[in-house]
Amino acid sequence: MTAELGELYQEVILEHSKAPRNFRRPVSANHEAEGYNPLCGDRCSVYIDMDGDAIKEIGFQGSGCAISRASASMMTQMVKGKTKAEAVKLFEQFHNLVTGKDEEAKAGDLGKMAVFAGVSRFPARVKCATLAWHTLQSALEDERKHEPVSTE
Amino acid sequence: MTAVTQPVLHEPPQGKTAPALDLAKIRADFPILAERIYGKRLVYLDNAATSQKPRAVIDAITHYYEHLNANIHRGVHTLSVRATEAHDAARETVRCFLNAADRREIVFVRGATEAINLVAQTYGRSHVGAGDEILITAMEHHSNIVPWQILCEEKGAHLRVAPIDDRGELELDEFAKLIGPRTKLVAVTQVSNALGTVTPIRKMIELAHRRGVPVLVDGAQAVPHFAVDVQALDCDFYAFSGHKVYGPTGIGVLYGKRALLEAMPPYQGGGDMISSVTFEKTTYNDLPFKFEAGTPDIAGAIALGVALEYISKLGMKNIAAHEQDLLAYATEKVGALPGVRLIGTAPERTGVLSFVMDGVHPHDLGTILDREGIAIRTGHHCAQPVMDRFKIPATARASFAVYNTREDIDALVEGIGKAHEVFA
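Line by line, the protein sequences are chains A and B. The numbers in this note's numbering rise by one with no breaks, and the one at position 143 of the first sequence is 143. Just add 152 to the spot in the second sequence (first one is 1) and you have this note's numbering.
I should point out that these hints are in silico values taken from the structure, not numbers from a laboratory. Think of the CB as a built atom: it goes at the ideal place given N, C-alpha and C, for glycine as much as any other residue. Please note that a few of the clues may not be correct.
Label pairs and their calculated CB-CB ranges [what the hints assert, rightly or not]:
1. B:427 - A:99: 49 to 57 Å
2. B:201 - A:86: 37 to 45 Å
3. A:38 - B:430: 43 to 51 Å
4. B:172 - A:15: 44 to 52 Å
Derived pair list, reagent style DSS-like, types lysine-lysine, alpha-carbon separation capped at 30 Å [as the list claims (entries may be wrong)]:
5. B:543 - B:355
6. A:89 - A:18
7. A:101 - A:80
8. A:18 - B:485
9. B:409 - B:336
10. A:82 - A:56
11. B:355 - B:409
12. B:543 - B:570
13. B:543 - A:18
14. B:570 - A:112
15. A:82 - A:112
16. A:18 - B:570
17. A:84 - A:18
18. B:192 - A:101
19. B:336 - B:307
Work out the full structure: start from the sequences and follow the hints.
Laid out in structure tokens, this is it:
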């Protein structure tokens with residue numbers, strides 16, 4: 001595997017893609033949204049139990065590539081317990097990280113999600129990494145989304 | 153009308169004496185094959201999306217703009233005459249290539265998509281009414297689904313879909329049953345872009361004609377791989393794209409039987425498609441110009457003609473034999489890999505090997521192969537209903553052209569092995 005591929009498919013990403021965390025619909029979920037990447041057919045549903053302004057519980061389901069599954073899995077771990085505003089800010093930082101706009105983000109609030117920095121070398125894969133986040137944002141905004149959010 | 157130089161499409165002699173394709177020479181004709189991708193030899197296996205272009209086609213575009221460029225059908229000056237003659241000659245080349253009876257049956261469009269939309273918006277809008285039906289198959293590209301959905305929505309008509317079996321073969325009996333008294337048009341692919349299935353198109357046309365129903369054939373994935381004779385097929389419309397058959401993007405062809413085209417209303421209004429315009433009444437131009445409003449892609453049409461001459465010289469039978477060998481080799485090698493499942497295993501296939509892998513999403517496979525210099529397509533291939541039929545979100549698709557070799561397949565197999573290691 002080349003160095004760049006190694007940066008993209010880091011061990012932690014492969015591990016999460018094989019055994020995604022929070023891969024379920026929490027029974028208490030009161031917010032949800034469906035995300036869709038029309039280019040590759042990836043689907044992702046995000047379910048949240050919002051307690052006031054806080055993400056009390058979160059889960060996801062769907063089908064997708066290793067990058068999109070790992071991103072969704074790690075995202076759920078990261079935003080659980082955060083407020084809506086904090087989650088939105090994390091998305092912004094994550095987006096900057098995977099599009100290569102903010103190398104410094106590695107040391108920011110993203111913690112172990114900084115492993116996704118390698119995605120910036122693979123522009124065709126940015127949408128895979130951000131699908132779950134787009135869906136999260138949509139789920140946070142609306143209690144019940146009927147129109148799937150699209151990466152396009 | 154200016155004089156048209158009659159191009160002759162030279163098919164080489166066939167049979168045992170036919171020379172095998174000189175692959176080294178053919179590969180040298182395609183400049184892009186010398187590109188290095190991440191320091192590796194380019195292995196281009198995404199030909200069903202678009203093929204690469206031979207030097208002759210690239211040169212034809214440059215030559216046009218350096219020596220011929222002028223608007224067609226309107227100038228008395230020398231360049232306009234040259235451009236018009238070259239454009240007319242390209243149309244004649246297409247006629248020869250499809251063996252159409254008449255040059256007026258060849259309409260230049262942007263691609264197969266526009267060709268199908270043209271038929272939907274002209275023939276369709278004037279022949280399809282509330283409660284009528286249009287019949288397609290379950291293996292159509294979105295471009296042969298959505299134009300009919302738009303038409304059905306507008307007219308209150310119904311889209312009927314003939315099913316395919318687990319191998320990706322058309323269920324011909326079901327297809328025949330679906331042709332009913334309300335069927336106004338059958339629109340079907342000759343080769344599936346997602347599965348490589350070659351449909352029994354002659355039988356399908358025969359069945360439809362027996363019920364008096366005209367047939368549009370989407371030939372986008374067929375013309376690069378084997379000879380097509382629209383008169384032998386007896387199809388009513390035939391659509392293909394130039395860029396999948398070694399020509400440039402932005403140019404394609406709609407063939408239509410003359411009587412049908414004559415009776416159809418125009419597609420777009422504008423210059424070139426009229427014979428006279430007053431504010432009281434406009435008279436439309438003759439075929440094929442009635443369907444070619446505005447200044448066309450002149451260079452594109454000329455370069456498409458050059459592309460068709462190029463492959464005709466190689467010989468469609470030689471190309472078909474070579475590509476069948478590649479497909480058989482790839483089916484054997486890739487199909488034998490652990491965890492690989494081929495999607496689309498119809499006995500009659502061409503050009504396409506679609507597959508999924510246990511534990512490796514097609515998108516991840518595509519990225520890993522790309523770093524090896526290997527270009528494949530991953531995703532739903534603009535055929536989501538096909539993915540739904542096989543209950544998969546996506547496939548990896550390797551698709552072949554005349555310049556591909558067994559070494560390309562070996563590289564693909566090796567690349568799949570590397571992906572397997574990463575995700576094992």
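C-beta pair residue 427 of chain B, residue 99 of chain A: status relative to the range 49 to 57 Å that was hinted: 55 Å, holds
Pairwise hint evaluation, residue 112 of chain A against residue 570 of chain B, where the allowed Cα distance is 30 Å at most: 26 Å, holds
Hinted pair residue 82 of chain A and residue 112 of chain A, Cα distance within 30 Å: 16 Å, holds
Residue 336 of chain B paired with residue 307 of chain B [C-alpha distance capped at 30 Å]: 12 Å, holds
Pair hint residue 82 of chain A and residue 56 of chain A, alpha-carbon separation not exceeding 30 Å: 8 Å, holds
30 Å limit on alpha-carbon distance, applied to hinted pair residue 543 of chain B and residue 570 of chain B: Answer holds: residue 543 of chain B to residue 570 of chain B is near 26 Å, not above 30 Å.
Proposed proximity, residue 485 of chain B with residue 18 of chain A (alpha carbon, max 30 Å): Holds, at about 27 Å.
Holds or violated: residue 89 of chain A to residue 18 of chain A, with C-alpha atoms at most 30 Å apart: With a Cα-Cα distance of about 27 Å, the restraint between residue 89 of chain A and residue 18 of chain A holds, given a limit of 30 Å.
Satisfaction of hint between residue 18 of chain A and residue 543 of chain B, Cα-Cα up to 30 Å: OK: residue 543 of chain B and residue 18 of chain A at ~20 Å, within 30 Å.
Distance restraint between residue 543 of chain B and residue 355 of chain B, which requires alpha-carbon spacing of 30 Å or less: 29 Å, holds
Pair hint residue 84 of chain A and residue 18 of chain A, alpha-carbon separation not exceeding 30 Å: 28 Å, holds
CB-CB spacing for residue 430 of chain B and residue 38 of chain A relative to the 43 to 51 Å hint: 47 Å, holds
The structure agrees with every numbered hint stated previously.
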